[in-house]
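Make a model of the complete structure from these sequences and hints.
There are 2 protein chains.
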Amino acid sequence: MSFEDLWPGLLPVGRARGGGYRRFSWTEADRECRAWFAQEAVRRGLTLERDRNGNLVAWWDTSADGDSGAPGDEGRADDGRRPDLLDDVGGGRRDAVLTGSHLDSVPDGGAYDGPLGVVSALAAIDLMRERGVTPSRPLGVAVFTEEEGARFGVACLGSRLMTGAIDPDRARGLRDGDGVSWADAIAAEGYDPGAIGPDPAFLGRVGCFVELHVEQGRVLDAPVGVGSAIWPHGRWRFDFTGQGNHAGTTLLGDRRDPMLPFARTVLAAREAAERYDAVATMGKVRVTPNGVNAIPSEVRAWLDTRAPDDAAVRATVAAIAAVAEEAAGWHGVDVGLSEESYTEVVDFHVDLRDRLVKTLGGAPVLPTGAGHDAGILSAHVPTAMLFVRNPTGVSHAPEEYAEPADCRAGAEALAAVLTDLACR
Amino acid sequence: MSFEDLWPGLLPVGRARGGGYRRFSWTEADRECRAWFAQEAVRRGLTLERDRNGNLVAWWDTSADGDSGAPGDEGRADDGRRPDLLDDVGGGRRDAVLTGSHLDSVPDGGAYDGPLGVVSALAAIDLMRERGVTPSRPLGVAVFTEEEGARFGVACLGSRLMTGAIDPDRARGLRDGDGVSWADAIAAEGYDPGAIGPDPAFLGRVGCFVELHVEQGRVLDAPVGVGSAIWPHGRWRFDFTGQGNHAGTTLLGDRRDPMLPFARTVLAAREAAERYDAVATMGKVRVTPNGVNAIPSEVRAWLDTRAPDDAAVRATVAAIAAVAEEAAGWHGVDVGLSEESYTEVVDFHVDLRDRLVKTLGGAPVLPTGAGHDAGILSAHVPTAMLFVRNPTGVSHAPEEYAEPADCRAGAEALAAVLTDLACR
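Those sequence lines, one after another, are chains A and B.
Take the first sequence: its position 352, counted from the start at 1, is 352 in this note's numbering, and no numbers get skipped.
Heads up: take any position in the second sequence, counting from 1, add 424, and you land on this note's numbering.
FYI, nobody ran anything at the bench for these hints, they're computed from the structure.
We put the beta carbon where it would ideally sit given N, CA and C, even for glycine.
Hints should not be assumed to be uniformly reliable.
So the derived list for chain A, only partly shown, Cβ under 10 Å to chain B, looks like this [to be verified]:
| # | residue |
| --- | --- |
| 1 | G149 |
| 2 | R235 |
| 3 | M259 |
| 4 | V266 |
| 5 | P289 |
| 6 | R306 |
| 7 | D310 |
| 8 | A311 |
Label-pair restraints from in silico Cβ distances [to be verified]:
| # | chain 1 | residue 1 | chain 2 | residue 2 | range |
| --- | --- | --- | --- | --- | --- |
| 9 | B | G677 | A | R424 | 43 to 49 Å |
| 10 | B | G603 | A | G45 | 44 to 50 Å |
| 11 | B | L676 | A | G197 | 36 to 42 Å |
Over 12 Å on every C-beta distance to chain B, these chain A residues come out as not near it, computed from the model [claimed, not checked]:
| # | residue |
| --- | --- |
| 12 | R31 |
| 13 | E32 |
| 14 | G45 |
| 15 | G253 |
| 16 | E274 |
| 17 | A319 |
| 18 | V357 |
| 19 | H396 |
Below you can see the structure in the form of structure tokens.
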């Protein structure tokens, strides 16, 4: 099947009236996405593996031993060191080639962020078969769970669990907006919450990981590019605490209105980002009590900051925090700042990156400001990314788009890369 | 019973863990408040009247005809003109004296805003009886419904319906946050939604209305004051529409982030209020999609503005709107402004005000920036207000407070005023 034949099967799933997607982990939309993936795997004779952490992998295994299933026994446990590309480690075999991405979405997200990587992987397998390519290494298509962190708040949760980048106890206790824990949510789907956590046996089988993803900015001006790095990025929370009061009767001089230093901080984020060549966004805010005629008692707001290097991120956040404190002081408001997460710069595997560029006969190399499962896996497995052009740069919104011709080019590029990597 | 004996019966009802009150119309807390009021009315031999609009009145009627119930037949329909104080209109009797306030609350509101007027009215009746005072006019204690507009969005809904200040069709269609309509909510309580609307027969019986209320600013520096006016006030909604996008990958120059002009508008509201001696508050905001890693697609925010005169309100709003439009333009964001409500200045009845001051042997006279049912009724009935000192000026918040001695002084003042008005 071609890319165009595959794409429509997934398009209607979890689509809200406004055109955006709400594919949150372990909801009905997520179940439909997983069912679609399982059906497409079966149709191709791939073997579906459901790991302990909620991730799925469909294996095309044509290895000499004739086992068409997952490459289970011959793997060697991940020993924590960053291995060389597709190496043979002490007689064990770290030889599988992994691709794939995720199917979950942000609230009212676009169609491409995640699914494009999964659909392109299946389309690439179809292209390889049409051309008579038979891989000599196991080739897996992964669907990582809760990549967006839209329901439980931690991005790349599935790959973090697999690699040990998050403590299983913390993951079990993560709660969605209704108070449902990750443990309860996966138990309801038949998983054992006690069994989640690092999976060195799986990682030990993987020789490399290549994730294809729609570009999320407007940097890429070619159909397909190769990723060089993921910018360091983090989330910070500001808690502005003032005095709730009546909007009509409280004189200006008597006010301790936390909305005012919050507003000043929003503007400071933009100013600091410009100064340090970073990006800084305050896109989430929670006001208490959030009444028209009530001066708020508290404004809680989140800051997302990213930049090419750690120093720029730190300088940006420090500049914003200084303004927040000063403005809070002016208005008699208390302010607290806490770092909710921080991810250092990820440099993708240089040899693998160069090999992709060579296979594609040359391609633009670009970094990204977005986090990906590839960023998590890269600490354990040689990892690379392919980006498909985004003509408007819109992402995490219903208008997210990629031209069909660029999507076809992405699937072709992935087929070429997988052919190179999976055929000895 | 004294003020102190009455107060504890109401204190626990609808109180949230944080100490604030959530007494929203037609919820369990509201039912408990109404049951408490009915019980206190019965205990005093008052006759409880439930009007068509969800308001309650407990009548102490010792008129010559021996009817201890509500003064129903002898009234004359309200003819729309603002009558003189306690006049006899064309042979009919517009002779009842009405007091009272409301029992509903804003989200996490204080204990005093509303209930103080109801409790003080009952305490005043007890004081009058202790002193052997027998009114020669019917004396009613009113509990108006949905004064805060916290559940259905329109403040003073009960008194607006009674006076025809809101179209019954609009009221029936008002919806709470869960989509429940006013019509359905009152039908579930046994009211006929088709029967709501202007009640000239009721208004035609009322000679004057005196509402006691906790002061909501820090203007009053005596135990009890008399109201002169309610500032003109209104609510405006700003709709900032940008382009939702990825917080990590969208370059600053590609952004159309509606949070930025919103923030500038919050600061402009404070600046304009200072310039025009007004108050302006942006206490409610709704961000779409409100995700940490998403540039918002839309920010909807509400502005509450009040000032001593209409011109100052209009100038303040115009100045804020100009900044909003300019800032939106800078950021490629569209902005819409709509006036959701506007209430012109209310000057309370001058003769009644002076009579109260005289009865109290002198008292500070002050305006208020807060809306009240008294402001709605004043277009139809001679109306006055008594304010009880608020030592910190905090209102619409759990910390709202009045000293017990000041509350006692308020009940004494109300008893004196009602004795003067209700005894020919």
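We went through each hint and held it up to the structure:
1. G149: 8 Å, holds
2. R235: 5 Å, holds
3. M259: Because about 6 Å separates M259(A) from the closest Cβ in chain B, which is inside the 10 Å limit, the hint holds.
4. V266: 4 Å, holds
5. P289: 4 Å, holds
6. R306: Interface hint status for R306(A): holds (5 Å vs cutoff 10 Å).
7. D310: Status violated, d = 15 Å.
8. A311: Because about 18 Å separates A311(A) from the closest Cβ in chain B, which is outside the 10 Å limit, the hint is violated.
9. G677(B) - R424(A): 43 to 49 Å: 47 Å, holds
10. G603(B) - G45(A): 44 to 50 Å: Between G603(B) and G45(A), where Cβ atoms are some 49 Å apart, the hint holds.
11. L676(B) - G197(A): 36 to 42 Å: Cβ of L676(B) to Cβ of G197(A): about 39 Å, so the range 36 to 42 Å holds.
12. R31: Given a closest Cβ separation of 22 Å, the condition holds.
13. E32: Non-interface label on E32(A) holds, nearest chain B Cβ at 21 Å vs cutoff 12 Å.
14. G45: The claim holds: G45(A) sits with its nearest Cβ about 36 Å from chain B, beyond 12 Å.
15. G253: Non-interface label fails for G253(A): nearest chain B Cβ at 10 Å, not farther than 12 Å.
16. E274: Per Cβ check, E274(A) is inside 12 Å of chain B; nearest 6 Å; violated.
17. A319: 15 Å, holds
18. V357: Per Cβ check, V357(A) is outside 12 Å of chain B; nearest 21 Å; holds.
19. H396: 4 Å, violated
Checked against the numbered hints above, the structure violates hints 7, 8, 15, 16 and 19; every other hint is satisfied.
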